[in-house]
Amino acid sequence: MPVLVEVLDTLSDPPSAERVDPDHELRGTLLGLLWPHHLDAATMLGALRPPSPDLYGNYAHFLRNMPGECSDEDLPNLLAWASNVVCRPDSGYVFSRDRFEISLINGVIDRVMKTSEATECVDTLAKIIFSLLHSHHKVQLPDCLQPDEYGDETQETRSRRRLLTQALVREAVRANFDPRTAAYQIAYDWERRSSLRLDAASVPEPATRHQLIDREDFPWALEQTAEAAGAGDEAATRVYGELASWTFPSDDLHAFELAYDETHPAWPYLRSFYTAIPVNSPLAEALRHNYSADRAHWPEAGAFMAQQARLLAEARAGDNDSLWQFLWGLRVDLQTGEFAQNASGALSTWPAAVALGDDLSDLRELARRYLTTEHDRADSWLPLARRNKCSWAGYALLTELHRADPLIEFPAEVWSSWAAAILTEFMGMATSYMEPVRVDLLRLAARHAPESVAHRVAQAARAALTAGRQPIVLNAIDPRWAADLRVCFENLAIELSSCLGLASGAVERALAGSPENSGHLAGLPDNDEGREAALRTWHSILAALLTTDSRVVHEIIDASVDGPRETPLAVRAAVLAMHALLTADAETHWPRAKSFAATDSELGRRLAEACAMTEAERIQGSLSEPRVADLYLWLSGLYDPEEDEPLRGVRWITDEDQARTWRDRLLAELSRRATAEAIRQLRHLATQYPTRLVIAAALGEATKQYAVASWGQVRTEDVIRLLQDPARRVIRTSTDLLDVVYEALEEVGRALPTHCELLWDRTPGNRPRRPSAENPIIPDVWRPKPEAALCAYLTHELLLRLAGRRVAVNREVLIHPTDPYGAGDRTDLLVEAMPSLGDDPNITAGESIKLVIEVKGSWNDEVPTAQAEQLADRYLPESGTDAGIYIVGWYPIELWNATGDKRKTQAKKLRQDTLLAHLLDQAASLSRIGTVHVRPMVMNIPRPERQRE
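The sequence shown begins at 2 in the working numbering and counts up by one.
Certain hints may be false.
Pairwise CB distance ranges, derived in the manner of DEER restraints [said to hold, decoys possible]: (1) Ala347 with Glu263: 53 to 63 Å; (2) Leu800 with Cys757: 18 to 28 Å; (3) His62 with Arg194: 18 to 28 Å; (4) Glu436 with Ser84: 54 to 64 Å; (5) Tyr185 with Arg311: 54 to 64 Å.
The hints are simulated quantities; they were obtained by calculation from the structure and are not laboratory data.
We put the CB at the ideal spot given by N, CA and C, even for glycine.
Using the sequences provided together with the hints, build the complete structure.
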């Protein structure tokens, strides 16, 4: 920390700071790290400088949050600093609403008003506030003066609010401000805050105060006026009198009577409310005009309602035409004679229905009669992309029935008769065609009359495309509902491919073998808008078909992605086709997308920007952690983070901006997942890009979240057992198991010299009592046993030493089969333990904890590399664990006297001391790069000393 303080001190020289840290980002980072734990408030305040006007970075973030972190002891220094920078014209700070400084001052005011010592500081606050108000800079009403979550104001909040009001009145008197202007500023001249917050749920707050005092404070203002007059303070009396005038609730009878007192000091400021208004004065005329405008009435309302009553009677008598006319008229607002824009909900709640005074109790019977005897007449208007009121009435009645019974039952012919109405009609002034009621009705229609729904979908789509519009009615259709719908979508995709010149095998076969499909889409408008609408429709149809088992869609996509891209439209189609694949199943299709864009960086940018604009969250959410990291690397190659420019000022967000933002969101995605694999991938990225602080921050956050999620409380009974037997261990994580097994192996290594000959092969020699030429001394020949013997020995020893700990030790476990006959990757030893449970009774035993042990003899030529390439890279991921032990059985060369053994030649290449150092460094590197815990061990295996030659 002293080093960071020294670096901060170097920024006190303006020329040097301007050169090294022009945007104060280094200053903001240092202050965030040092304060409040390693820097006092005076030093921190002395290091502050006016922020950059168009960069919200570390420094602006620090300024915004700093007041809230100040202790009560720091408030005098903070308030003195704020008063200095606000009241001094040459401070360099600008407090307009578009600058970050105003957030700082708002925070200071709120922090001071929260303290129990606010009385001592409120006069300085009043000076700061009036200085800003007179410079035409509005201040936000402090959060601590807002009502609570239920919209109620506590007595303490009211007292603090009036305390600030009194201080502002004193400041107005001291500075000799105009009383009426000062009173208005005190009451009303505050920044109006939105009831919606960016950092909160998108629901309005119960109540938000926008004024320091309001009509509820009028009696208090009268009292303050009287007290000031009684004290002989004429200036304060004038300000409080004007406050009473500004807050007077003229529509409150009680307040009207309370204020009527000609002897009260506030009367000169309230007299105008009681003065009579001349009948012929301009004010009286304006009041009459406003009153009439507020109560406008449609002159034909009576005749219209009589007509509605007649239509209803005729409809009840069996006239279906009268019924649809009656329903159409229910939307009319009788005040204006115009259609209400928000006609929704039950038909009985529509404007004209309410005025009719009829409960429409028989509306459901009328609806069933209309729906079973009429039809939507779609052939007369749907191919022409028009509307029809009879069709609209049918849809309105279907929604009314659906509201009462979502599973309404009709014969198939009824659903067939109204398929077009359900598909295209809507109740309000506009629609996205994705309302839940429409989707439900379409699903029911597709179940009972799939062929009719498919026919109407094709008609609506072709009509819109012929007119140069995208048929957004397709958004509500799921081709998985019925095979007819899937075929309909396939035919539309084929027709669009043909019209756009995107021929494929599927297109050619369909056009050659199915004359009925040929020419359904007569053609597209010869303009860019029409082709663009067709291409967007083609893309949305492909995306929908990818959710089905359609083979046609894959043929079309393959032809677009792998075929020639000789025109801009073909290039765009290829990008959209790959975008559809990624949207459908990013995990499966990412390798293909990567190779698709590898040959052309511009093509890659188009694909990246297309995904970033629409489906970024969906794509990254469906990718595994390694694929998310790979996607980040790909985007970093296309959009180098070192070339990022800060988004300053107001401007359009470009497609490239969105792609760069998506690139950085991928790190947040890995950090949010906080899994072991996510941490492993972030470590790989941090190793590859050590200077990118955003990766380091994501890694730190993911590690913290992973630790929090994997933590569990130790059971009381486990603690008791540990106290009874210190040799026991609580095993809850893979690292706990690693510690236990490693300790056991160290014990094995220490005990090994007492029986080490078990791991050597001995060929007995000849030691005659009287050696001679005919009977010479022949020494014993020693050579190490194979690796399998060492594995068997270690398995046996671990089973003995870990007995009673719910641990299993297995040899040659197949963890990655490569054929049906048992071939594949096998671990030398796989240790499994059942984790200890916590005290929480809701926690149940989960999967076992695993540890992989890889054993090598010192003669194995893979000894230097197998820890990384075999254990860490293959066996640990394949076993589903992150912990492993790498054991090298070291047979001293000088004790190895067998000749002709090639293993000895290989073993001579290594030295025991340097080998262990190398493996330890390698294990540390593996832990840094990936989320693995690997420990090496070089186990010395001598043979009995008396047998030495």
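Verification of the hints:
The hint said 53 to 63 Å for the Cβ distance between alanine 347 and glutamate 263, and at roughly 57 Å that hint holds. A hinted range of 18 to 28 Å for the beta carbons of leucine 800 and cysteine 757 is consistent with their spacing of about 19 Å. Between histidine 62 and arginine 194 the C-beta distance comes to about 20 Å, which sits within the given range of 18 to 28 Å. For glutamate 436 paired with serine 84, a C-beta distance near 57 Å keeps the hint of 54 to 64 Å intact.
In this structure the hint that tyrosine 185 and arginine 311 lie 54 to 64 Å apart at CB holds, the actual value being about 58 Å.
Consistency note: the structure conflicts with none of the earlier hints.
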